[in-house]
Amino acid sequence: MTAPDILTTEALSVTFGGVRALAGVSLAVREREILSIIGPNGAGKTTLFNAVTGTCPPTSGRVRLHGRDITAKTPDEVARLGVARSFQNLKPFAEMTLLENVLIGREIHMTSGMAAAILRLPLFREDEARQKRRARELLAFVGLEQRRDHLARNLTYGERKMLEIARALALEPSVLLLDEPVAGMNPTETGFVMELVKNIREQGITVVIIEHDMKMVMGISDRIYVLDHGELIAEGLPHEVRANRAVIEAYLGGGHAPAH
Amino acid sequence: TKKEGQEGAVIKIGAAGQLTGPEAVFGSDMLNGVKLAVEEWNAKGGVLGKKIELVPGDDQAEPRQAVAVANKFVTEGVVGVVGHFNSSCSIPASEVYHKAGIPQISQACTNPKLTDQGFDNVFRVCGLDDQQGKAAADFAVQKLKVKRVAIIHDKTTYGQGFAEEFKKNLGTGVEVVAFEGIAKGEKDYSPVVTKIKSANPDLVFFGGIFTEGGLLIRQYKAVGGTAPFIGGDGIMSEELLKIGGPATEGTYATFGPDTKEIPSAKGFNENYRKKYGEPGVYSVYAYDAANIILQSIQKAGAADGKKITPEIRAIDYNGALGHIQFDAKGDVKESPYVVWKVENNKFKQVK
Amino acid sequence: MLRLTDLELRYGPIRALKGVTLDVAAGEIVTLIGANGAGKSSTLKAISGIHGTSGGSIVFAGRRIDNLPPHEIVALGISHCPEGRRIFGDLSVRENLLMGGYLLAKHEMAGRLDEVLGLFPRLGERIHQAGGTLSGGEQQMLAIARALMCKPGLLMLDEPSLGLAPIMVEKIFETIVALKQTGLTVLLVEQNAGAALEISDRGYVLEIGQVTLSGTSAALRDDQRVAQAYLGG
Amino acid sequence: MNARNLRHDLFFYLGILLICVPFLKIHTLYVLPVFLGAWGLRRFADFAGENRLMVTLRERTVNSVLAHRRVTVGLILAVALLIPLGASDYLIEVFTSVILYAILATALNITVGLTGVLVLGFIGFYAVGAYTTGILTAKFALCGFWIALPLSGLAAMLCGILLGIPALRLRGDYLAVVTLGFGEIIRIFLTNLNGLTGGPNGILGIKRPSFGLFTLDHPRDFYWFALAVLSLVILIVARLVDSRYGRAWIAIRENEMAAGALGINVFRKHLLSFSLSAFFGGIAGSLFAVKQGFISPDSFTFYESVLILCMVVLGGIGNVAGSVTGALLLIAAPEFLREFSLYRMLVFGAVMIAFMVFRPSGLLGSRVIAQEIKDRADDGP
Amino acid sequence: MFLQHLLNGITIGGSYALIALGYTLVYGVLKLINFAHGEIYMIGAYLGFILISLLPAMPPFLQGSLPLFLLVVFGIAAMICSLYGFYLEKICYRPLRGAPKLTPLISALGASIFLQNFVMISMGAKDRIFPQTIGMRAISLGGVSFTPLQLTIIFSSIALMALLYWFINRTRLGTAIRATSTDPFMAALVGINVDTVISVTFMAGSFLAACAGVMIGLYYGSINFTLGYLGGIKAFTAAVLGGIGNVPGAMVGGFLLGIIEALGAGYFSSEYKDVYAFFILIAVLVFRPAGLLGKRSDERA
Ligand SMILES: Nc1ncnc2c1ncn2[C@@H]1O[C@H](COP(=O)(O)OP(=O)(O)OP(=O)(O)O)[C@@H](O)[C@H]1O
Ligand SMILES: Nc1ncnc2c1ncn2[C@@H]1O[C@H](COP(=O)(O)OP(=O)(O)OP(=O)(O)O)[C@@H](O)[C@H]1O
Ligand SMILES: [Mg+2]
Ligand SMILES: [Mg+2]
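Residue numbers (our numbering), protein chains in the order written: chain D, 1 to 260; chain W, 1 to 351; chain L, 1 to 233; chain G, 1 to 381; chain C, 1 to 301.
Just so you know, these hints were derived from the structure itself, not from any lab.
Given the structure is predicted, the values throughout are model-derived calculations rather than measurements.
Mixed in with the good hints there might be a few duds.
Taking beta-carbon pairs under 7 Å as the criterion, some of the chain G residues facing chain D (in silico) [as the list claims (entries may be wrong)]:
#1 I236
#2 A261
#3 N265
Glycine included, C-beta positions come from ideal geometry on N, C-alpha and C.
One chain only, chain D, in its complex shape (with noise of 0.2 Å):
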């Protein structure tokens, strides 16, 4: 029996100007597993995500989390709810160090409001500090407990990717949207970076990961869509996919036939 629906879009549609960017998507994420979304640039990948989580509300269509319909929400609403995403292009906050950064995201889970904090109650420290064991067991988690103390803006890009992943966990969401985890890393790089993916859904956690590495998204996806055009032209289990014709002429070239 395959797990339940989490996330599910329904002809999801976004127009930019005259550009359809997406073009009636309809898909569905399962509970606990990690989906590859795929496709060649431009395809609307980002656009998907940033649809799905409000921060570029569609022109058309709907978006449910657990059945709910949450297509109207704004960013903070849906991560709120439990979507947490990581970003194409690094938004680390960079005068802030790893551990703040950690902490922003524990921010929806904080209790003590504004009186406690200026008259720094038991309530307020109490909190911060459970919050900020919290965050460092996150930053354990990706490796970085080492450079709490840094400020993001001196990390290298490998280490910014990392902290972007320990910021979305932070929120613990019931899903995370990660576009491009591994761009620019290096085979040793993106192992590190699948174990983690890896462990994160062992928490309980579904991974939606928008990536151009096929050796990470062959390696380990429980299922692949593929858009094309703002449109889905494949979906399916990492051997399916590889082997659709469509999906080599449109995105995978010769080099990635299922000769392998």
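Fit chains W, L, G and C with the ligands to the supplied structure of chain D, relying on the hints for placement.
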């Protein structure tokens, strides 16, 4: 800062006004007037055998700065102050002078509120807006016999106060066809003048100073307006003629009588011209204010504000402006407003 | 043709390059590989004068060029196609290309434009489209084409395959090989080390701001450490 | 400092003089020392930036101040408390001004420094606060100062919210112009609503506050009162900054989109910071009204907004201590430059430029600098 | 009356537009509000004044032909102001490249205070009055009166804008300016001397501002050293109204602002003249957050 020992060696009087900023010209006119008075006294050996030191204070036409200047004067041991120019500066500063017991004589602040506060140490040598407003209104009604008047003011304490006094004194026979405020410092008044022109007045009153006045007159004539303008001491300046050009011909202004006709002012005009060029309209007022303070110090026999104040109140002074005495509030007893008119590109007193 | 000796570069307190020595001969493709933050892009930035160096020297065609301003370096024939394409989004494709040939004399411009468009016919079809509206792969093509406009002797490409669909990556590498055939010298920075070493003559491995290995591409590919760290084998 | 530099600089300043020629009169040659001063500062900056001794000295100071924060704060507070005992009334008034502006700068710093929203009409909130107090206590004598004080803050806050709701949806420089417009609109209304605000005449006779029988009439007493308010404001702001609120604000400044994706309601947090700084601005305005006893639109010009902004930036963006330092510099310095009379503002402008060129991240820098120094110590050279 | 207001609005709007272009151009390449730009405009007006006062000392062929003389005046004033722009950038902004965003803003404000006071000290605080020789006689046409000068101003501001538009869109240097404003880093990599481009941008902006200054000086006949402050704020507002960084936007914004002010002050109360402009601005920005012609440059995720 000066050492204690030197404090007594000179007598300090302050001159406060806008020395920098958009209307710095009024500040420098004032400063020069006071300077002249001080130099003349010093040439005669000072007061009470001591040299007089002039302490300038720049209030930048800003109330906060005015209070700072006032406090600075107090700290430095100034015994009398000429200034400030703007009502919005004079009023808060006067409180500081009041507390410290230092006499203040404003050379140009025409707002009634200044002396309405009931401070015994505050005086002015110029007229008041209500006196001036009445003079202008009387002239308009009785001499010019106007029926329709448009009123413009520059939204300052001075300009608006003057305009309101003027309006109040017009009586019922005159229709006010427009009452408009303009922003100071602006150059473009074409919307207002277009509007005024279409209201078709017999006379346009302007409460404000020459900078805006000149532009208004000029732009009014450029859109085809024909009515003459009338203003107050604020527009009574050669500058008005330069800014407004030929358009200013026939413009009226209320002001004190021609100083050239007062024998006592002749010496002032000559000396001033020699040192600083053409006197500004307020130079002579500042000059007299300074003289009043210095004379009162002489009379009081001590450089102490508390002793000087009663002397000023009691003074019967004959200076460049003519005869000056103060009433109980600190205003000049007689307000000698007369009307001037621009003829052949010169202000001439209307007889 | 190009020789770097003990090159050092810092970003404020961070030392990104700690003495890099390498050379590139005319007509070859040389690849720089290395982990994230190893200093590959920084090396290219130093060469093209985008970022000042704090030690060592860069000699190009017999001339010291370190710390010359970038426009003078371009004039000498070094063209740098940086990470992330950086198309002038508001300018049309044509204007993008004209900007690439900014330093050419007027009369050369039209001819060069035709030559470059000959290499990338797809760009010719979109000559009046705004650069920002092209797809990722097209933008990468445009970036390379733009870098070629100034008739460079040395072309430096920084991760041309980054974020591109596999099919696009293939095309880009084919293009680079084709360019070599025209006699161009190429200095290539790639994460995709396998593919890069396949088309290049020699390679250098950078680690934390220093060259730790170098040799012919074939030798590097066979090297145990390289294979493990960069080829994922 | 090589010959090329020197030649370059000469060319530079001679050039300036040359273009000044149309305006040149003999006495304007006084400008020369200013240029020379600026040149000297630049050279000094180069020197200080490269010289090992200077660099270590600076790092040492920063480190020891950071390590002994409480002691430093205590010392500064003690000095501030003692100032009136030794100073003349004039100086006390100057320092009271400094305190009011320090409150303003601290308040503005919340939006400009922390959330990264450029506000060019901050004086509007100050004006609203001052006029609320003036209208309530003097014009219509509806209540005493102690009730008017919080009401002034709230009135300014209300304006902040009303302005913020449409404006905060804008970004960057667009928002800046809208706030500039707000400041101007407030001033124009103050000038024209004669019945309520007294128009250009302003409001006269605002009484100083009193505790029971004890009136804060003496400058010294008022100074202490203002200092207490400032300390409270700083305490509140500093504690908020060092909590989830401050973190969220900085995150928004750094990257709005990412902050949103992490569950932060960007708009609400913006509005919170905006209205909070408006609130403190209003409080400062209320103090100003009772300090001056008289308020009129002349006190609330665009130039004042600019001045407050300069304090924030000059002191070091996002740094609470910096805002106070900035206020001290910008209010006290021109006061001491009074001797230059005519040249005062000229020198002031030149110093502002030189200062920024000399120390782009402000006097106390932002935390970035301190952090960098720390990082370097961690990494080793 | 409506036509009269419109004409007045267009005249003043033209000068707003010319100054606004300077803000927009500089904003384009440096993403910086050049707050000292208003001062350049003011200096332009002063230079115009100085030069026109020299008329009696001019060679006869210039004295004989007023248009030619004016052309020379405009040219010289604009050239000197370009130098001011050039040095302004060099002193106040160039050392601050890459500094935190607000830093150059403060040095701009410093420069503004400096220049204002410099002119005040050297030229005096009094208003300077232009000799009134030129085209002042009002002509009335169907209830609308205007001066020949007014028409000249309208046409020359439009001509100058056309010139700029051509420069930006059709010349190589102009395209380089546009390229630099999208990506200065990349611009350097294709061989554009970014420093030169930035200098040219400042000079072009100052050139236009100087022309506006001379025109306004002639039009109003009186100038003083605070001219730059109000003119600067208005023009800046105009630039934002049109969409800052956008060249046609600045033109549209300038004219629109002038017309709004003229109509608002004419038909409602002139006391609230500045309020109308800002209300319209807020209203426009609420519906079009990037100004009338501005593009919404959403960060791509
Ligand atoms: N904010 C926007 N404004 C206009 N067009 C946009 C915007 N965002 C995306 N697009 C367009 O929508 C289409 C889809 O873009 P999207 O970023 O989703 O592609 P992608 O699949 O993520 O590609 P890549 O693999 O290169 O990241 C593209 O044609 C793009 O130019
Ligand atoms: N602008 C900058 N400011 C501060 N540090 C920087 C900057 N650019 C790069 N660095 C740092 O310099 C080092 C080398 O960076 P560089 O970009 O050269 O690496 P790279 O090898 O190209 O890596 P990647 O594969 O991620 O592109 C890294 O530690 C990086 O964090
Ligand atoms: Mg994408
Ligand atoms: Mg790189």
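For this session: Identify every previously stated hint that the structure contradicts and give their numbers, smallest first.
Result: none
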